[in-house]
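Single-letter residue listing:
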Amino acid sequence: MRNMAARYNLGQLAENLRARLVGDPALVIDRVQPFESAVEGDLTWAGKSFISHIRESRASAFIIADGSPLDSLEGRNLLIAKNPKLAFARAIKLFYQEPYRARGISQDLIIGEMSEIGPEPSIFPRVTIGRDCRIGSRVTLHPGVVIGDRVRIGDDTIIYANVSIYSDVEIGSRVIIHSGAVIGADGFGFVLDEEGRQQKILQTGGVMIEDDVEIGANCSIDRATFGKTILKRGVKLDNLVQVAHNCVIGEETVIVAQVGLSGSTTVGHHVVIAGQAATNQHVSIGDRAVVGGQAGVTKDVPAGTFVAGTPAQLSQRWKRAQVLFSRLPEIVERLKKLEEMVKGAPDK
Amino acid sequence: MRNMAARYNLGQLAENLRARLVGDPALVIDRVQPFESAVEGDLTWAGKSFISHIRESRASAFIIADGSPLDSLEGRNLLIAKNPKLAFARAIKLFYQEPYRARGISQDLIIGEMSEIGPEPSIFPRVTIGRDCRIGSRVTLHPGVVIGDRVRIGDDTIIYANVSIYSDVEIGSRVIIHSGAVIGADGFGFVLDEEGRQQKILQTGGVMIEDDVEIGANCSIDRATFGKTILKRGVKLDNLVQVAHNCVIGEETVIVAQVGLSGSTTVGHHVVIAGQAATNQHVSIGDRAVVGGQAGVTKDVPAGTFVAGTPAQLSQRWKRAQVLFSRLPEIVERLKKLEEMVKGAPDK
Amino acid sequence: MRNMAARYNLGQLAENLRARLVGDPALVIDRVQPFESAVEGDLTWAGKSFISHIRESRASAFIIADGSPLDSLEGRNLLIAKNPKLAFARAIKLFYQEPYRARGISQDLIIGEMSEIGPEPSIFPRVTIGRDCRIGSRVTLHPGVVIGDRVRIGDDTIIYANVSIYSDVEIGSRVIIHSGAVIGADGFGFVLDEEGRQQKILQTGGVMIEDDVEIGANCSIDRATFGKTILKRGVKLDNLVQVAHNCVIGEETVIVAQVGLSGSTTVGHHVVIAGQAATNQHVSIGDRAVVGGQAGVTKDVPAGTFVAGTPAQLSQRWKRAQVLFSRLPEIVERLKKLEEMVKGAPDK
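Chains as they are written, first to last, in numbering that gives the first Met the number 0: chain P, 0 to 347; chain E, 0 to 347; chain Y, 0 to 347.
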């Protein structure tokens, strides 16, 4: 993956990483590496627990947090950043992101009537596109991608192998969809009829994926019953996430692997939902809330709060109860002793 | 998706929806819409909480439950139904379900020896079918569908893009399988040998999917070790559901997203299993039972009961315990106070 | 699936199954069947609970555990094994595993420059391979398999339909990957920038799948941020398992369906992780540990221990607490009574 041409000196890096340099601006860096494996020529990030190990490291330069103790770091090249993780992410991108190169359109493309593809595409072999689609500029479609009818895709979007996109789905620009993801399958709605048979509630709506969304491998984003299931700008889904019909997920919200959002769940912006959590239908999660791993959200979560457990409650409260849960045998023992003292032994 | 030709007057709708009309039988309806977005020309469903808002609505007609208070609804067009959700589902179907239209067989179809396809098929491009298969009438296979050898598929079945069906799988009529689902992969069976190596237990059985089953996106239905894994008539699986080897799921049972059924789980008919629940091997869930979200079913569930929690227990009992779990800090505080009173402060 | 040619007499079976024969070595066996369905001509396994039913069975021979009571089994053909489950697994393999038969390379194969395929391959139609790949001998690639650039695959590996393998993935020999699995998608890493936008942490690493690994349907194994995500020799994953970036899973470890391993989880050898369990980032699970179903592992698990619950704790401890959890209503009732006795009724 290495872009061999990319080498930067510390002066350039300080500028690109929005960091303050203490050290030699002319020193050339070859690679970015995690702390444990960094050697000469490497830039690395020394997180809190690594600061005291900088002296022993063979790395050539270190990203550290603003406010870190600098004594004993004399003579080392330091890039001091307000948000060192962000600076590190920028460094990785600088060194390793390959520039987009249009590969053209495979001659085996199957594409329906009235569909259009923008300039500079990268359409790999074995892609199928339905009719009346609009594909933007510099879009990459890997092998096995299947796109239904009336689908819109913005510019610079990348769709990996074997992704399935049903009809009437809108996808923004700079979206990344990983392999095996399914966008626009029917929402899950049934109702028992007079004969005890499940009757399907037809799902007439669509899906809208806004700009800068990333969708992990094998996710499922269902179409709405009416209207649209919506992932707003910058939403990031890990792998195997389930988004049911009519969910609306707010900007820059992060959802970790195997989370399941039930129908009509509303999630605010900058929310974090940890792995394997789930929601009941129609619940609403406020902006900047955090939902703990494996939590079961049964009612609305206020903005800015951190909830955990099933049913989900304030995390602090849940944690205190959880500690006592483990101590239940001792608690019951204490209760029993007390009963004996109060009632007297013969009573029992 | 809109079938533009479909318009019905209220008289026709009352008949089709098995509802009683209070209002103008000649009024023509253009669309079906949810309550919040219904405007003139629309039929909508006014659930319990919406009845009092009918007066303000611009919709032209309302499906309401039999027995709803009709005062103050004078002058509105009402379709009164025993099961208004069912009537609404029927209305959506009436207006929006497009009639089947055979698209023929893509000329790039790859199909093995001795395989047969019934009349009026819709085989999209990039489909692969093994040998000795029997595909029924009016079957739709979307791009990227891969079908192994000796597979049977009934009439009017729809299989969406990138579904993988292994050899020796039987699929009934009017079945819907959503993208990314995998039917017939090996059941998960291993045993450690003398050298501490996992030896595979070969999975020699198959899978049977009966009529009217719907399987969600990215589900996995494993083949049996011996015999068959069976989804009986009318079973509905949401997305990302795991059905292990030798499971048998009863008629019209509904299983919500991300549920995991362990090997040889038996599920009765008309059961509801909510999202992310799971079962231990060999457990049996009785007819019409309900399993709560994220429940862990470790032993048999009697018919007609509602269980929740891990290990799953009667829901009522679990809920009461759950409430007290959250109050554990207060409970322990009370215990502590009591201990002090009984034992006296100096003792501690 | 039946290999019709395979028939063995009990003498041959005793040798192949490493079992001691009590009975007629010349008796020919036609099939292997589970106890409930075994009839004349069949070999079956009589587990503990079936031993007492051998007398009524019509099966011709029985695998039983060394040390089982033999009285009343006179005249039956017995294969006595130290590990009867292992002997049964060997019997199934003997009778039903078809020998490998090279099918050659479909003429529609799309393969990039500099890629090589070893002898005796079975490359089905609709396979796509990138550039600079090395595919070993006797490799089977089913339809819809997509392989990126610089991928290595060892000998005798089987990859089922619609599997997606990203670039820079190494796969060993005798590996089995089931349909819909995704190997090498980006690890999930983001950091908020100054404008409140999620910035992607580029994932520069790869994935290494060692020999004899089996990966279930619709699993997702992410590539590492730096270095490699590693599944060591003999790891077995059930379906829908999530393995995040930089995980390392030890030899012969078994992971049941829908488990989620967070980033940089380290799992020892011969570990068993039951269904739907999950781990926090950076936790380590020791050799031969067992993690219960739906457990949430928040800190390191010592080797050889059995943990359960969320947060995961020693299973025995968790089970005791869990029993008391269900009794919380009674416990609080007892506490209330005691309070009344100590404080006196008027006080309340």
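Quick caveat, the hints were computed from the structure, so don't treat them as lab data.
Treat the hints with caution; some may be incorrect.
Heads up, the list lumps identical chains together, so a pair's fine if it works in one copy or across two of them.
To be verified - In silico DSSO-like pairs for lysine-lysine, Cα to Cα no more than 27 angstroms straight-line: (1) LYS47 to LYS336; (2) LYS84 to LYS199; (3) LYS318 to LYS227; (4) LYS92 to LYS227; (5) LYS336 to LYS199; (6) LYS336 to LYS81; (7) LYS47 to LYS335; (8) LYS318 to LYS47; (9) LYS84 to LYS336.
Going through the hints against the structure:
Neither within a single protomer nor between protomers do LYS47 and LYS336 lie at most 27 angstroms apart by alpha-carbon distance, with minima of 48 angstroms and 43 angstroms respectively. In this assembly of identical chains, the alpha carbons of LYS84 and LYS199 lie at most 27 angstroms apart only when taken from different copies (11 angstroms versus 48 angstroms within one copy). Neither within a single protomer nor between protomers do LYS318 and LYS227 lie at most 27 angstroms apart by alpha-carbon distance, with minima of 37 angstroms and 34 angstroms respectively. Taking the shortest Cα distances, LYS92 and LYS227 sit within 27 angstroms of each other only across copies (18 angstroms), while inside one copy they are farther apart (34 angstroms).
For a Cα distance limit of 27 angstroms, the shortest separation of LYS336 from LYS199 qualifies neither inside one copy, at 58 angstroms, nor across copies, at 53 angstroms. In the homo-oligomer, the alpha carbons of LYS336 and LYS81 never lie at most 27 angstroms apart, since the shortest distance is 56 angstroms inside one protomer and 49 angstroms across protomers. For a Cα distance limit of 27 angstroms, the shortest separation of LYS47 from LYS335 qualifies neither inside one copy, at 47 angstroms, nor across copies, at 40 angstroms. For the identical chains of this complex, LYS318 and LYS47 are intra-copy neighbours only, at 26 angstroms inside a copy versus 38 angstroms across copies, given an alpha-carbon limit of 27 angstroms.
In this assembly of identical chains, the alpha carbons of LYS84 and LYS336 never lie at most 27 angstroms apart, being 53 angstroms within a copy and 48 angstroms across copies at closest.
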